[in-house]
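Taken in order, these protein sequences are the chains called B and U.
Per my numbering, residue 1 is the first one in the first sequence, and the count goes up by one each step.
Per my numbering, residue 165 is the first one in the second sequence, and the count goes up by one each step.
Hints may contain errors.
Stated by the list, open to error - Derived, one-sided and incomplete: chain B residues facing chain U with beta-carbon distance under 8 Å:
id, residue
1, GLU41
2, THR70
3, TYR121
Hints in this document: simulated from the structure, not taken from any laboratory.
Beta carbons are placed, not taken as given, at the ideal position from N, Cα and C, and that holds for glycine.
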Amino acid sequence: MSQALLDKESVLAQMANHPAVAALSAGDRPLLAEAKWQFEELTVYVAREDVVTACLAVQAAGYNFLEDLTAVDWLPRTPRFQVSVHILSHSLKERIRIAVLLEEESPAMDSVTAVWPSANYFEREVFDLMGIRFNGHPNLRRIMLPEEWEGHPLRKDYPVEGYR
Amino acid sequence: MSDTLATPILEAPHAEGAESQHMVLNMGPQHPATHGVLRLVLEIDGETVVRLYPEIGYLHTGIEKTCEAKFYQQIVPLTDRVNYLDPLSNNLGYALAVERLLGIEIPEKAQWLRVLLVELSRLNSHLIWLGTHAMDIGALTVFLYTFREREEILRLFEAVAGQRMMTSYIRIGGLAMEPPIDFLARVQAFIKTMPEHIDEYSNLLTGNPIFIDRLKGVGHLSAADAIALGVTGPVLRASGVDIDLRRDMPYSSYEKFQFNVPISNGCDVWARYEVRMIEMRESVKIIQQALDGMPEGAIKANAPKVVLPEREKMKTQMESLIHHFKIVTEGFNVPAGEVYQGMECGHGQMGYYVVSDGTAKPLRVHMRYPSFATLQALETMCKGRLLADVVAVIGSIDIVLGEIDR
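Chain B with its partners taken away, still in its complex shape:
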């Protein structure tokens, strides 16, 4: 399928059998807040409080490997931050993206280290460079920059040449 599906309704209509879509829309409370299929990639948006539940659901559906976790600063759009989790399935040979949108005011979400311990460094990197907190992270401290560094360089309101 090459044409883009840009909203939840069209994704649910045409990709209901996709393992990740099925796993997230099953159950009493659907976890799928929004979805899109673009550039041959499936993005599922979940609410902030659902992220660990959603990760467990796709893990049970065969998406067993956390490949990458990072964040995007959409300033001036609201909600400002997007955390993107890329999950690979070794058996299905396929990748999905779970995206969580976070407000500008003290952005925080639950840590997925309980599901994939490998999220540890990735979440520390996002905390360090983007200033997003991960609740329940075992060691949330700066990883790249010194502890006493001011600000979070990957934010759009941080100047490229740094504060002078």
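Let chain B serve as the given structure and place chain U on it in line with the hints.
Using the frame of chain B, we list chain U on its own:
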């Protein structure tokens, strides 16, 4: 699994009563066996490693932030510098991501040349791994042999790109320029001798009792731990997980090549050595197939708004001159959207996550590099083993600090 991923040793040393004999030892940031500026804080009991905490960030240059201030085509030279041992794979990962956003088709010849060059680059990366790994173990000779072949690969890179290490040869929309006329013949001559050279390294190491003793049974990492800790590439395959993105999620026409993916169930440093040695032979096979079936045609996509025009056309045709001027001065707009392009580089799975907002500069470029995640498994592999084994394990995960710190 590892518990110092939770708390650094210097803050919370294991207090096992007042008579605890544990010592905290600093290894690095300038230790020759850490392959860069990696600092390891070790808590040791005699010579046994109790805990291990990696401190990284000494090479952090903010490449991802720099990318946001540059035009798409200006980012290609930055990607070289991330993993400086496998430059062409970095170029390819970035180029593929942006090409998917742009929706441009790459001519077949360019795709095949890319495969050929990326495999040469993988050989380059594996040769450095083998030389330095053996040197860490104490087998100094192998280093000289592997660097002899690496020199030849660097000369080939210089022939196509004019640069030995920071090639920037794979560009958005194809390749920078036609390779020189005798390039394929030179690659053929090199490839013909390569299997013999691999035998030569193997003769020096595979039967060497000291080398075997230092490697076998060291750095055990089970498949479940490897997946949980984000390990990829040869280390994951040496733990018995059968995944290689070149075969399983092919890119740049890898589906047209026949090659085996070596797997080992050894889960130790020796298994990683064996897997990488076979991978080198498979790379040689892929390069041979690329040479035999090299298609004819262009090396740049037909996308005048993205690809710089030929020099001669630029000097003689008004339209080409305008395109050239526009690309250089204001870049090209990339359709809005986000793309994650994963690929298999020498060390493991690499990924470029490019987010575009429709302008000529990316909103976000994130680079997923294998060593960053693999470093988390270091403690699991070293715990309860001797201090000297840490050096063998670091060598076996083929660490590059440039790609960890970015």
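Hints, verified against the model:
| no. | hint | verdict |
| --- | --- | --- |
| 1 | GLU41 | holds (7 Å) |
| 2 | THR70 | holds (4 Å) |
| 3 | TYR121 | holds (6 Å) |
Violated hints for the displayed structure: none, as all numbered hints are satisfied.
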